[in-house]
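Just so you know, the sequences run in chain order V and Y. 164 is the number that this note's numbering gives to position 164 of the first sequence; each next residue is one higher, with no gaps. 167 is the number that this note's numbering gives to position 167 of the second sequence; each next residue is one higher, with no gaps.
Be careful, since some hints might not be right.
Derived, one-sided and incomplete: chain V residues facing chain Y with beta-carbon distance under 7 Å [stated by the list, open to error]:
(1) K3
(2) I4
(3) R10
(4) S24
(5) T25
(6) A93
(7) R231
(8) E234
(9) A237
(10) S239
(11) L240
With a Cα cut of at most 35 Å, we get these calculated DSBU-like pairs of lysine-lysine [to be verified]:
(12) K184/V x K92/Y
(13) K199/Y x K3/V
(14) K302/Y x K3/V
(15) K90/Y x K174/Y
(16) K90/Y x K3/V
(17) K253/Y x K199/Y
(18) K3/V x K92/Y
(19) K277/V x K174/Y
(20) K131/Y x K90/Y
(21) K3/V x K222/Y
(22) K253/Y x K3/V
(23) K3/V x K131/Y
No lab work stands behind these hints: they were computed from the structure. Note that CB positions come from ideal geometry on N, CA and C, so glycine has one too.
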Amino acid sequence: MHKIWAVIRREFVERVRTRAFLLSTILFPLFMAAMVVIPGFLMSRSTGTQRLAMVDATSDQLGQRMATSLSAARIGRGEAALPRYVVTRIPAADRAIAVRDSLLPMTGRSRKLEGFEGILVVTDSTVTQGKAEYFGANVASFDDMRELEQTIRPIVIGRRLEGLGVDLDQVMKSVQGIDLVTNKVADGKLTGESGAATFALAYAMGFILYFSLLIFGTQVMNSIVEEKNNRIVEILASSLTPFQMMLGKVVGVGLVALLQIGIWAGAATFFSANQAKILGALGIASSGAMPFTFPAMGPGLLIVFLVFFSLGFLLYAAMYAAVGAMSSTTQDAGQLQMPVMMFVLVGFFSVFALIRDPNGTAAHVLSFVPMLTPFVIPMRYSISPLPMVELLTAIAVTVLGLLAVVWVAARIYRVGILSYGKKASMRDMIRWIRTA
Amino acid sequence: MNGSVVKVEEVTKRFAGHTAVERLSIEVPGGGIFGLLGPNGAGKSTTIRMIMNIITPDEGRISVLGGISASRDLSSRIGYLPEERGLYKKMKVVDQLAFFGEAKGIPHRTARTKSGEWLARLGISDWAVKKVEDLSKGMQQKVQFIGALLHEPDLVILDEPFSGLDPVNSQVMKDVVVDLARQGKTILFSTHIMEQAEKMCDRIVIISRGRKVVDGTLAEVKRDFGGRHVALSFTRNADRAARVLADRSLVAKVDDYGATAEVELASPGDPDRLLHTLVQEQVGLARFEVVEASLQSIFIAKVGIEAATAPAKETVRA
């Protein structure tokens with residue numbers, strides 16, 4: 001036991017000390033922060049209030065109404081939201097083109113100068129043929145153009161309906177859709193989460209396991225290949241059992257993974273809780289930023305996640321360890337790890353497949369396939385808590401699978417670590433398992 | 001310590017296609033320095049690996065320190081320096097040594113203290129907190145050497161401990177080994193450098209192509225090899241000397257180095273007659289000494305041509 005601790009400590013300390021660990025630990029939250037801050041930053045910079053000249057060649061109230069509607073549009077929500085447009089309506093009767101041409105020289109210039117960002121030309125044909133023209137420097141901005149369209153469209157539609165003698169208000173009322181507000185109830189209690197947040201959480205847990213296996217599983221594999229290559233295994237093998245070597249390494253690397261994920265989750269929670277403050281400190285209106293909420297995890301779910309994450313990590317990392325022991329070079333290992341990777345991928349994608357029907361037959365069956373359980377159970381639990389019996393059975397199945405995998409992996413490991421030169425074939429492997 | 005510390009009985013090990021070790025029996029008594037000698041590819045490392053239980057013999061039994069096979073439970077009492085040297089390149093020297101100590105079962109703190117002491121003794125204290133990859137090859141070898149001895153084992157097994165060392169470092173390590181023997185530890189080391197073995201070993205075994213060809217204390221081996229040997233050196237008339245030494249009624253065998261030679265007298269040998277003849281021939285004798293056969297000449301005689309045709313070393317050990 002003492003020896004396993006020595007191996008675990010070595011793996012953990014040496015990994016945490018590396019520059020790579022430090023960089024990835026810091027860079028990831030920075031990247032996340034940038035994702036939150038930059039869109040807000042860009043939005044509050046590029047699309048301030050726009051000065052809009054409206055050349056009104058309509059013969060009725062349409063232009064007037066549009067001007068009113070445009071003036072009412074706001075950037076974002078809330079009391080402090082800035083008006084989206086400052087509209088200057090220029091009645092043009094049938095001289096639309098002449099008026100437009102006279103406005104063009106003062107359009108699309110630097111903001112500091114007098115003038116307009118854009119010219120909107122509306123005529124009677126806007127109603128009859130659904131045509132309006134816009135002239136401006138920002139025509140390439142999909143967001144700007146969509147916003148403009150969406151503001152004037154209801155006015156045009158309303159005008160047409162009036163022509164048909166239909167009351168606009170009644171139409172608006174009758175086409176009003178329904179807004180289904182989702183509120184998650186678990187164990188007879190309101191959790192305060194929406195459906196979307198629950199989905200995001202289920203997905204995130206699957207992703208974390210998937211990501212950790214790909215990154216840290218490969219690390220386990222490569223470090224074993226390295227130990228083989230520099231022959232340090234000879235010294236290790238003379239003092240430690242293969243089982244101690246393998247378990248120590250897998251657990252050590254697993255703890256590094258947990259530490260890193262813990263730091264990231266902590267950073268994400270902090271950002272999500274203090275988003276408004278951080279943005280405020282940077283002088284960005286929070287309304288403009290992408291809303292970022294880190295889904296909260298209840299204590300029950302957290303425990304389930306940690307249990308299955310650990311089991312899953314050990315299960316797969318043991319397989320990666322066996323692959324490492326079978327290989328003499330990292331290239332060999334890269335090829336031999338394909339089957340393991342397939343399992344990881346199947347596990348990850350089963351989360352997507354099952355999330356639509358988390359309590360269906362498929363979900364029930366896959367919950368008890370040891371390789372997939374660590375992916376499926378936390379996802380199902382996050383959507384609706386599972387009965388204790390089911391949870392315990394799933395844990396038992398995974399532990400059994402884990403023991404089987406570790407037993408086989410330790411045998412492969414035992415022979416593999418001391419065989420150099422050639423890549424192990426399937427036949428060799430079976431022989432090792434039987435004779436070791 | 002009574003009886004044998006390492007007992008190898010009728011052990012055979014085959015690797016795909018060839019037999020690395022064949023019905024080999026070795027007994028290493030407690031205390032002293034035991035040399036496992038043989039040409040390259042003779043099966044020395046394979047034997048040592050089997051003693052260390054890194055690979056298992058196909059046939060035969062091995063017991064170490066009274067237990068069946070060098071089980072890892074005994075690893076705290078055994079120090080092992082493998083032929084293939086490996087260290088964690090990115091680790092600091094002292095961390096690495098502490099880890100090796102812990103792997104052998106001594107507490108972390110003790111391991112650190114001891115590695116500090118050893119680093120000082122071998123004169124590389126300044127490098128304790130450097131990464132292994134920054135060390136020269138000789139220094140890395142010292143670190144490994146310390147790794148094998150840190151936990152004060154009763155039995156120290158060194159596979160080619162002096163290969164690749166310069167004379168100064170070689171001397172330092174030799175002193176450590178001799179000192180350990182003086183403390184009553186048992187040292188089993190393999191080498192193909194006979195001069196070294198001759199100076200250090202109490203007992204030797206010579207193996208060739210996996211088979212034992214010589215076994216015994218150094219004195220026994222020399223006595224059993226028999227013959228009366230004379231070490232000579234002369235300063236002139238080498239051709240005349242050569243003619244005398246070619247006389248089969250005087251000399252049975254010559255190991256000629258030009259200005260010096262080791263000769264085995266023809267039996268019944270008479271050193272006086274040889275001396276007389278050489279003086280008559282005026283070869284300017286600088287040395288004439290009746291000696292025992294050197295280990296080198298015993299080795300050549302016993303291993304002989306076989307050594308030159310040693311089988312290619314097997315790389316796959318499955």
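The hints, checked one at a time:
This hint holds: K3/V has a C-beta 6 Å from the nearest C-beta of chain Y, less than the 7 Å allowed. Because the closest C-beta pair between I4/V and chain Y is about 10 Å apart, greater than 7 Å, the hint is violated. Hint status for R10/V relative to chain Y: holds, with the closest Cβ pair at about 5 Å, below 7 Å. Checking S24/V against chain Y by beta carbon gives a least distance of about 17 Å; that is not within 7 Å, so the hint is violated.
For T25/V, the suggested interface contact is broken, since its CB lies about 18 Å from the closest CB of chain Y, more than 7 Å. Contact between A93/V and chain Y, as hinted, is not supported at the beta carbon level, the nearest pair being about 81 Å apart and thus beyond 7 Å. The beta carbon of R231/V comes within 4 Å of a beta carbon in chain Y, closer than 7 Å, and the hint placing it at the interface holds. Among the interface hints, the one on E234/V holds; its C-beta lies about 4 Å from the nearest C-beta in chain Y, closer than the 7 Å criterion.
A cut of 7 Å between beta carbons decides the hint on A237/V: the least distance to chain Y is about 5 Å, and the hint holds. Because the closest C-beta pair between S239/V and chain Y is about 4 Å apart, less than 7 Å, the hint holds. This hint holds: L240/V has a C-beta 6 Å from the nearest C-beta of chain Y, less than the 7 Å allowed. As the CA atoms of K184/V and K92/Y are separated by approximately 53 Å, the hinted pair breaks the 35 Å bound.
With a CA separation close to 38 Å, the supplied pair K199/Y and K3/V exceeds the 35 Å bound. Annotation: proposed proximity of K302/Y to K3/V is violated, straight-line Cα distance about 45 Å (limit 35 Å). For the suggested pair K90/Y and K174/Y, the alpha carbons sit about 29 Å apart, so the restraint of at most 35 Å is met. A distance of roughly 21 Å separates the Cα atoms of K90/Y and K3/V; the hinted pair therefore holds under the 35 Å criterion.
Pair hint K253/Y plus K199/Y holds up; C-alpha atoms about 24 Å apart against a cutoff of 35 Å. A hinted pair counts as satisfied when its Cα atoms are at most 35 Å apart, and K3/V with K92/Y qualifies at roughly 19 Å. Using a Cα cut-off of 35 Å, the hinted pair K277/V and K174/Y is violated, with the two alpha carbons roughly 69 Å apart. At most 35 Å may separate the alpha-carbon atoms for a hinted pair to count; K131/Y and K90/Y meet this at roughly 6 Å.
Between K3/V and K222/Y, the direct Cα distance comes to roughly 46 Å. Violation of the 35 Å bound is thereby established for this hinted pair. Between K253/Y and K3/V the alpha-carbon distance is near 57 Å, which puts this suggested pair outside the 35 Å criterion. Distance hint between K3/V and K131/Y is fulfilled; the C-alpha atoms sit about 23 Å from each other, no more than 35 Å.
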